[in-house]
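Participant: Next come the chains, spelled out residue by residue.
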Amino acid sequence: MNILGMEGVPKEEIETLLDLSESYIEQNRQDNKKSSILRGRTLINVFFENSTRTRTSFELAGKRLGADVINMSVSDSAIKKGETLIDTAMTLNAMHPDVLTVRHGASGAVQLLSEKVTCSVLNAGDGSHEHPTQALLDALTIRRRRQSLKGLTVAICGDILHSRVARSNIYLLNTMGAHVRLVAPKTLLPAAIEKLGVEVHHNMLDGIRDADIIMMLRLQTERMQGSYVPSTREYFRFFGLDREKLAVAKPDALIMHPGPMNRGIEIDSELADDIHRSVIHEQVEMGVAVRMACLDLVTRSLSRNTDRDPA
Amino acid sequence: MTEQLRATEQLRAYVNARLLDPSSGLDETGTVLIDGNKIIDTGPHLFPNGPPANVQVIDCKGYCLAPGLIDMRVHLPEPGGEHKESFETASAAAAAGGVTSMICLPDTDPAIDNVAVIEFIARRARETNIVKIYAYGAITRGLEGKELTEFGILSEAGALAFTDATKAISDTLVMRRVLSYASTFDLLIVQHPEEPKLARNGQMTEGEMSTRLGLAGIPAVAEVIMLERDFRLVELTGARYHAAHVTTAAAIDAIRAAKARGLPVTCDTAPQYFTLTDAATAEYRTFAKVSPPLRCEEDRLAVIEGLRDGTIDVIASDHRPQDQDSKRLPFVQAEPGIVGLETLLPLTLALHRDADISLLDLIRRLTSAPGELLRMKEGRLAPGLPADMVIFDPDHDWTIDAAALKSRSKNTPFDQMPVQGKAMCTIVGGRHVHSLMG
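Order-wise, the sequence lines are chains A and B. Going by the numbering used here, the final residue of the first sequence carries number 311, and the count climbs one at a time with no gaps. Going by the numbering used here, the final residue of the second sequence carries number 749, and the count climbs one at a time with no gaps.
Misleading hints may appear alongside valid ones.
Straight line, CA to CA, 35 Å or less: simulated DSBU-like cross-link-like pairs of lysine-lysine [said to hold, decoys possible]:
{"hint": "1", "chain 1": "B", "residue 1": "K372", "chain 2": "B", "residue 2": "K349"}
{"hint": "2", "chain 1": "B", "residue 1": "K478", "chain 2": "A", "residue 2": "K195"}
{"hint": "3", "chain 1": "A", "residue 1": "K186", "chain 2": "B", "residue 2": "K508"}
{"hint": "4", "chain 1": "A", "residue 1": "K116", "chain 2": "B", "residue 2": "K638"}
{"hint": "5", "chain 1": "B", "residue 1": "K478", "chain 2": "A", "residue 2": "K186"}
Keep in mind that the hints were calculated from the coordinates and are not lab data. Computed from a predicted model, the values in this text were never measured in an experiment.
Could you build all of it, start to finish, from the sequences and the hints given here?
Facilitator: Spelled out as structure tokens, the structure:
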């Protein structure tokens, strides 16, 4: 079993994963955080794109379940030496890992790799396509605060165009019965995005009015200076979250951010640290639990396969 | 000498054929008589009492007999990409597909931008000697879009027309001079109609599918923007202009309007653009990655309408072989292209069945239309012309099998697709270069 994206994943499966994650939140808060359900299993984190946070989260998740965890950064130089993605996949596969978590800068690359290996593959983010564990941890964070996702209004704000987090969240939230609104300037919205079942807003006040959840997305530095938006100053003025804009959302609206934040660009610095509104650090905690649940679930199907195998 | 010539002469009659000759409008059962490499006569009334004894008779079993197909858009990546396709493999693929003449794009390595490379192509074509191989000359040196190549000299050396293959001439001043200079010699300029800056980094057509896949999109208007600019320059210069592989409703409308205004513009499309949509790229299927990209359903229907009403003059395969290593990659890194020589005929014939376009009208787009456009003698069934012909069964059911393609590369999104219509015999200068007729 692989977890490559949230598109088309049924509600029951998402609920199973979230329920399973709950149990790991408790485990992670104990002094002894370690269990042994993945003992003997090998997890390789293959990161073709740098990410300290996600990689650490997967690494902790694997270790807390008792797996042997290897981190592999496939630098650009290795790719320049001529090794293709499929070569890398075959090489790793020959080492008999049980799970590969893969991040890659190209959309679809994780799926391509998964087609060439016999182990389970978890997508840790591929290009602008999907980042399913981020959507799951966001859902878990929301569910713990609001009991259910159904009927909630969630505003996703910022660079939707390049965001795999936005796409995975749109699919998951729609499946779970939430109302999704997107808020961005037109330069940061992909074509025909409304066909994914979202309400599109270009005015942030309209977009976050009476929202239950406000998810801010990171705007990459190289996109700030005149290419997609004229300046960080202008971006913050119209699309950055500050107290004044937040006032139109529900009084108890939660603020989320997948990190790392650009303080003062997409989100007001004080607001980000407001423990009454911001659940940004909770998201990080939920991330480890969700990734443990994903590892648990995909390796369960591996065991079943082994049991069935007469050899 | 005369005796020797007589000895090599060979009279052969292709009888019981449905003759399709678009240039004369002929669509009747009859006979084609050839002498060696030339057509002597054609028609329904040839040999009412049966052919004389000195004539070899070939029974066409009621199949269609048409001029051999002229594929005016073929990437034959030799020199430079022999691992993807050679003259021999491309020729075998062409023969199997009923193509008797192919015109190769200049994006080889080195590019066809000087006489030496044109002569290399001509020599390799002679050596290979299966189907006829012609070449385009590059518009600009190294296909860089800056300095003009020697149009006059290249044209004398055999370049049939000029194009920078899959690169648009984007600099407006350069394009103006290209068209002005080409019109001096009455040469045809073939443009890849895509505004390159608007298409920059684009991997597929922009729309719901590109959004779902998280791939950078190329907006459909990138095509018409380039065309509308070019039409102004055509009006200014009077040059003959051909838009390659048009794919969008807006572009076809613009061409229709330009033709109505009397501009000397023509265009072609490729079977993938009236057969597939961007839905074929689901699951990141790189075999459906092409340039220009597959479009939405409305555009696909507009291409068919453009063929029906005559706005689109030519159907060319846009054959572009890519080896596995160029396709088994993340979508963004994969090379664009589809091999098309062997699927050109059946995919085109599907329009007869599905879109109710007459056989003669479809065959015109594959024979006399490109022949006239490129001022070739091929593309017609007429006395004195080369005996380049295809005998095809329009009803033959078969399934496209990528592994069985003659092309060295097997990059087709049509693998395992059931189709109708097959070249049963391909004849180049009187030689049978492909035959399933036993």
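Participant: Now tell me if each hint is right for this structure.
Facilitator: How the hints compare with the structure:
no., hint, verdict
1, B:K372 to B:K349, "holds (22 Å)"
2, B:K478 to A:K195, "holds (33 Å)"
3, A:K186 to B:K508, "holds (19 Å)"
4, A:K116 to B:K638, "holds (15 Å)"
5, B:K478 to A:K186, "holds (29 Å)"
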